[in-house]
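Student: What follows is each chain in one-letter form.
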Amino acid sequence: MSASRIVAVARRIAQGFRRDERTLGLVFVVPIAITLLLGWVIRDSEAGDVRIAVVAGEVSPVADALRTAAEDADLAFEVTIDDVPDEAEARDRVRGGEAEVAIIVAGLRGGPITVVTEGTDPSGDAARIGALQALMVRAITSLLPPELGIAVPEFEHETVYLGADADSMDVLAPVFLGYFAYFFVFILTGISFLRERVGGTLERLLATPVTRGEIVLGYGIGFGIFATLQVLLLIGFTLLAIEIPAFGPIPAFTIGLGVTSVGSPVLLFLLAFLLALGAVNLGIFLSTFARTELQVIQFIPVVIVPQGLLGGIFWPVDQLPDILQPVAQVLPVTYAVEGLREVMLRGADLSSASLQLDLAVLAGIALFFVALASRTIKREVA
Amino acid sequence: MTVTGPPAVEAIGLRKSFGAIHAVDGIDLALEPGRIYGLLGPNGSGKTTLIRLLAGLARATAGEARILSTQMPSRPMLARIGYMPQAEALYPDLSVGENLGFFAALQGTRGRDAIGRVLELVELADRRGSPTHELSGGMRRRLSLACTLVHEPLVLFLDEPTVGVDPALRVQFWAHFRRLAVAGATILVASHVMDEADRCDDLIFVRSGTVIARGTSAELRAGAGTPDLEAAFLHYAGLDAEGRPLETAP
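Taken in order, these protein sequences are the chains called G and V. Throughout, the numbering used here is defined as the position within the first sequence, counted from one, plus 11. Throughout, the numbering used here is defined as the position within the second sequence, counted from one, plus 467.
Source of the hints: derived by calculation from the structure; they are not laboratory data.
Sample of chain G residues facing chain V (criterion: CB under 7 Å; computed from the structure): (1) Arg16; (2) Gln26; (3) Asp31; (4) Gly211; (5) Thr212; (6) Arg215; (7) Ala218; (8) Pro220.
Chain V stretches covered by chain G per the calculated footprint, using a threshold of three residues with CB under 8 Å from any CB of chain G: (9) 531-545; (10) 552-558; (11) 569-575.
Estimated spans, in silico, between C-beta atoms of each pair: (12) G:Thr303 - V:His659: 22 to 32 Å; (13) G:Gln336 - V:Gly575: 45 to 55 Å; (14) V:His659 - G:Arg30: 32 to 42 Å; (15) G:Leu305 - V:Gly575: 32 to 42 Å; (16) V:His659 - G:Ser15: 37 to 47 Å; (17) G:Asp329 - V:Ala529: 49 to 59 Å; (18) G:Met12 - V:Ala554: 20 to 30 Å; (19) V:Arg681 - G:Gly375: 47 to 57 Å; (20) G:Met12 - V:Arg645: 36 to 46 Å.
Idealized CB from N, CA, C, for every residue including glycine.
Let the hints inform the model, and build the full structure from the sequences given.
Tutor: Shown next, in the form of structure tokens:
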């Protein structure tokens, strides 16, 4: 092993990046822009108004009680309630888009309450129906004679980690750190190494005394430096919230997402770096199976997307179907996501057995791909 | 020809097979220092495979390749060899100086002197800072040659070095090769362009992975009874004037 040759390979990669503004933008600007956009969408999207058509018939006070309950409750959306004479009219309103929900109350004593929605927005429907159920309980309780002494208890929500007011962004931000590093580093290394193979520079490289190990290590360091800068930038952007006061016509705004993290940024970095190192060498390895840059891009739905679906980013791994769970257990992103959440959300440190496992598996996967990548550099002399 | 020492490049029964195809089919060679050898043959005749075997980039199926008495493949010996591949094999995003600096560093050659000297040699000294993708085709070819020469190798393998090079530059290239040979380098130039052959000290005609004739240009033409080297090649290859196999040997 010659340190100067490893440095030469790493420096060559950095020199190539320096003149490639577009790739620099892809590495440093795009992840921030996407994270910013996601944070904006998740935090500032407004729940639409909910118009409810109530058919209460002989128990018409229900609509009024519901209206009162809605006014008293602190809901995420505006509720307007219309009394309608019959079921057909209520259904027509939902079908025609004049109401989001129709509530058909057959009777207060044992009859079913039918809730009709338009049906093309299942997650929105679920949120609305959940809120309406609570409203309905309040409304009906308010109709009961007060001498019965029945009152609806208030829920008070507390959490062990994060605050009760944490949003999806707080939970998604940690994994975005890892996933971006993985995605960009994989694509860049894959294409860069394919160019080495196709352009003949690998052949020229192998006609020098450089070893395969030196090439792979040099690549790891060269791309590792950029992955490191990318991750540091993203960690900073995710954790910080710098308030910029209003100035002239520009309103006040915040730089950074201000996601609460209770763990060590050093551990976050270590996790993301190990993940990226694995991605560099996976890129080198898979470039063997591509003849053109388009064919490297074709690995995205094969390598990157399944890890996004199965790696625990959106759905917890232990809730996946039984057959898919073992698949998730061999994906590097699974361990990175778990580790990043452990550190960021639960404040895990190196004494945590779960974090130790995540780090060990990521290091193991990185080493495995280092070995595999150097095997694919075909050469007769080691 | 007087032999003053061990040959710089040797092939002994060298063979390389890819399945049923014998790309190099039992070649024996001994190349002396200070001479330019022309490896001539049509596309697909095994020239590149032979060079890759000699340069230690491929392992022989049978036989042996030796450079400066060391059996190839040998990693330390790669620092004494200069290999110019057929492909451009440069990094387009790097500057001229950065490309050269990179290959110099891999060869263990340090300092700006070596880079400056070789840039003077290929007349690119004023383009040192230019990005490689902005160079003309001929300039890139010159840079490719500079990358091959930057560590002052004793043995040079040049695979089609003048492909896509204009006639004026071609003359300059051959003048460089001659200067290097005079300084003691052993140079093997693969080409399918017969009009370059007269610039070589010795010619090796290859076809279907075997050497079909060897000698100086004059010897080979005299042996075939023709003043034209291309006709001589066809003669040794057992082909008629239109490249069709002869029915029977004359």
